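K.L.:
Residues per chain are reported as follows:
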Amino acid sequence: MSETIKTDVLIIGAGPIGLFAVFELGLLDIKAHLVDILDKVGGQCAELYPEKPIYDIPGIPLITGHGLTGALMEQIKPFHPTFHLGEMVTALKKTGETAFHVGTDNGKIFECKVVVIAAGGGSFQPKRPPIAGIEPYEEKSVFYAVRKMESFRDKRLMIVGGGDSALDWTLNLQPIAKRLTLVHRRDEFRGAPDSVNKMRALVAAGDMDLVIGQVAALEGDGGQLTAASVKDKAGTHARIEVDAMLPFFGLTMKLGPVADWGLNLHENLIPVDTAAFETSEPGLFAIGDINSYAGKLKLILSGFHEAALMAQKAHRYIYPEKRLVFQYTTSSTSLQKKLGVA
Amino acid sequence: MPKITFIEHDGMKHTVDAEIGTTVMETALRNDVASIVAECGGSCTCATCLVHVDETWSPIVGPPSSEEEDMLDSAFEVKPSSRLSCQIKVTQELDGLIVHTPAYQGR
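If you're matching them up, the sequences are chains W and E in order.
Under our numbering, the first sequence has 233 at position 233, and the numbering climbs by one with no breaks.
Quick note, our numbering runs 1000 ahead of the 1-based positions in the second sequence.
Hints should not be assumed to be uniformly reliable.
Some chain E residues near chain W, calculated using beta-carbon distances under 10 Å [to be verified]: (1) S1043; (2) C1044; (3) T1045; (4) T1048; (5) E1069; (6) M1071; (7) A1075; (8) E1077; (9) Y1104.
A few chain W positions that, by computed beta-carbon distances, are all more than 12 Å from chain E [unchecked claim]: (10) K108; (11) R153; (12) D260; (13) G262; (14) L263; (15) T333.
To be clear, the hints were calculated from the coordinates, so they are not data collected in a lab.
Every value quoted in this text rests on a predicted model; they were computed, and no experiment measured them.
Every residue gets a Cβ at the ideal spot worked out from N, C-alpha and C, and that includes glycine.
Given only the sequences and the hints, what does the whole structure look like? Please build it.
P.N.:
Below is the structure:
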C-alpha cells in the first residue's frame, strides 16, 4: 500500500547534517521530511560514537555524539520536521523542472521540489557474518532483523552475537522458540548487565543453550538451514540442529541505492559545486560526508556550512517569486519569531 | 624510525617506516596498505582495521583492551592473535613488528 506525501524538501539521512539542514531550511520557511534507515536520528554520531567526545564542533569544546544529536534536535524543534525512521530511500526520479518523486522501501512516495542527500557514509546495514556460504540462506532462514516474532514460533533458533541486539532477541524469542541456542565468540557480553543476567539464568535453568565459539559452517538445502557447526577455541566442532539463524554482527555503512541514481559518483562520493552544494541535477543537493569538491573535509562543521548554503539556493526553487533577504538571527525579529523566541 | 612489516593474505609484503606515537593502522593507511580499511578513522568503532599479529610478536604487542574486545566481536574471522590496528601504538619496542592482514575486512 503506497502513501504519497507532498513536501518542500526531502532530506535523505537524519544524521547531524540532515538535522541541521532542517534548521537552515526552516529559517527560510521551508518544510522538510527526513528519511533514515536507522530507527533513531543522529546517523554516525548516534550509531558509531554516541558516548565518545567530539572536540571540534565550533564553540563547543567538548560534546558527545549523543549530546550533539540531542542539541540539534532541540535546535530544530521550532520547525517541526517529520521523521521517517527505519526506512531506506530506494528510488529517486525527476518528474519536472524542479519536481522529484522519492520512494522508500516501505512503499512511501514523497513529492517534493528539492531533494537533499545527507547520506553520510551510506546507509547502516547489518554486517554479514564471516560464515562461508551464508548467502543462499539469507532472508529464507538467516535473518538480520526480526520483522515478525511469530515467524520464529516452534523453530530451533540460533542467535549469534554478544551485544544488546543478540541478548534482547534471545530474551524475546526464547519463550516461543522450540529451542534457542546463543552463540558468542567469548564468554563476556557487551549488552546490558540485566539482559546478560536474565540470559544466564535461562541457561542455568536449562531453558536455552549458550555455546562459546564461532560459527564455522552451515548445513541446509534450498535456502533452508538444517544445522550449524560451531568451533570453539580449542578447534572442537559442535554440530547444532537449527531451523533459523539470527546473526548480530553490528552495522556497516553501505552506499546502497544512491549509487544507482546517475549522479556521476567519484570514488563513491557525489560531486557538487561549492556555491550551493548542488549536484549536476538542479534541485538535487548533497551535503556532509557524501559529497566531494576541491578541498572537501569530512567534518561535521563543513557539513553545517554546506547546509546553510544549500538552503539559500533551495529557497529559489521553493519560492521562485519571493526575494530572499539575508537576515541574522541576532537582529531579525521575523527569524526570532520563527524560532519562538520573540 | 621503527619498521613494521605487513604481510597480506596473498603473501605480498610491505616493510614500511612507522612514526613513534602513531598507530599501526595510521602507518598502514599512510603507506597504502589496501587491506586495512579503517572505516571509522581509528575510533575503535568499526573493526575494519583488523590484523593478526605474528606469533613472535604477540607477547610484546599484548592483548586487546576490553573496549577492543567488544569491537572484535563484529570483526571477520577473529584469531587469538587478532588486534585492531588502530589500537596498537607504535613504540621503539615494536621495531621489526610483523602483522598479517586479512583477505577481507567485514563490511
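K.L.:
If a hint holds in the structure, say so; if it does not, say that too.
P.N.:
Structure-based check of all given hints:
The interface hint given for S1043(E) holds, since its Cβ lies 6 Å from the closest Cβ of chain W, which is under the 10 Å cut-off. The beta carbon of C1044(E) is positioned within 10 Å of a beta carbon in chain W (closest approach about 9 Å), and the interface hint is therefore held. With a cut of 10 Å, the hint placing T1045(E) at the interface with chain W holds, because the nearest CB-to-CB distance is about 4 Å. Satisfaction of the interface hint for T1048(E) is found here, the shortest Cβ-Cβ separation to chain W being roughly 8 Å, below the 10 Å cut-off.
With its C-beta approaching chain W no nearer than about 7 Å, E1069(E) sits inside the 10 Å limit, and its interface hint holds. Hint status for M1071(E): holds, given a least beta-carbon distance of 8 Å to chain W, under 10 Å. At its closest, the beta carbon of A1075(E) sits 8 Å from a beta carbon of chain W; the interface hint therefore holds under the 10 Å criterion. Because the beta carbon of E1077(E) sits about 5 Å from the nearest beta carbon in chain W, less than 10 Å, this interface hint is met.
With a cut of 10 Å, the hint placing Y1104(E) at the interface with chain W holds, because the nearest CB-to-CB distance is about 8 Å. With a closest Cβ-Cβ approach of about 28 Å to chain E, K108(W) is found to remain outside the 12 Å limit, as its non-interface label requires. Distance check on R153(W): its Cβ is at least 28 Å (rounded) from any Cβ of chain E, clearing the 12 Å threshold; non-interface status holds. Separation of D260(W) from chain E is adequate, the least Cβ-Cβ distance of about 19 Å exceeding the 12 Å criterion.
Distance check on G262(W): its Cβ is at least 24 Å (rounded) from any Cβ of chain E, clearing the 12 Å threshold; non-interface status holds. With 12 Å as the threshold on Cβ separation, the claim that L263(W) sits away from chain E holds: the shortest Cβ distance comes to roughly 21 Å. Every C-beta of chain E lies more than 12 Å from that of T333(W), the closest at about 43 Å, which supports listing it as non-interface.
Violated hints for the displayed structure: none, as all numbered hints are satisfied.
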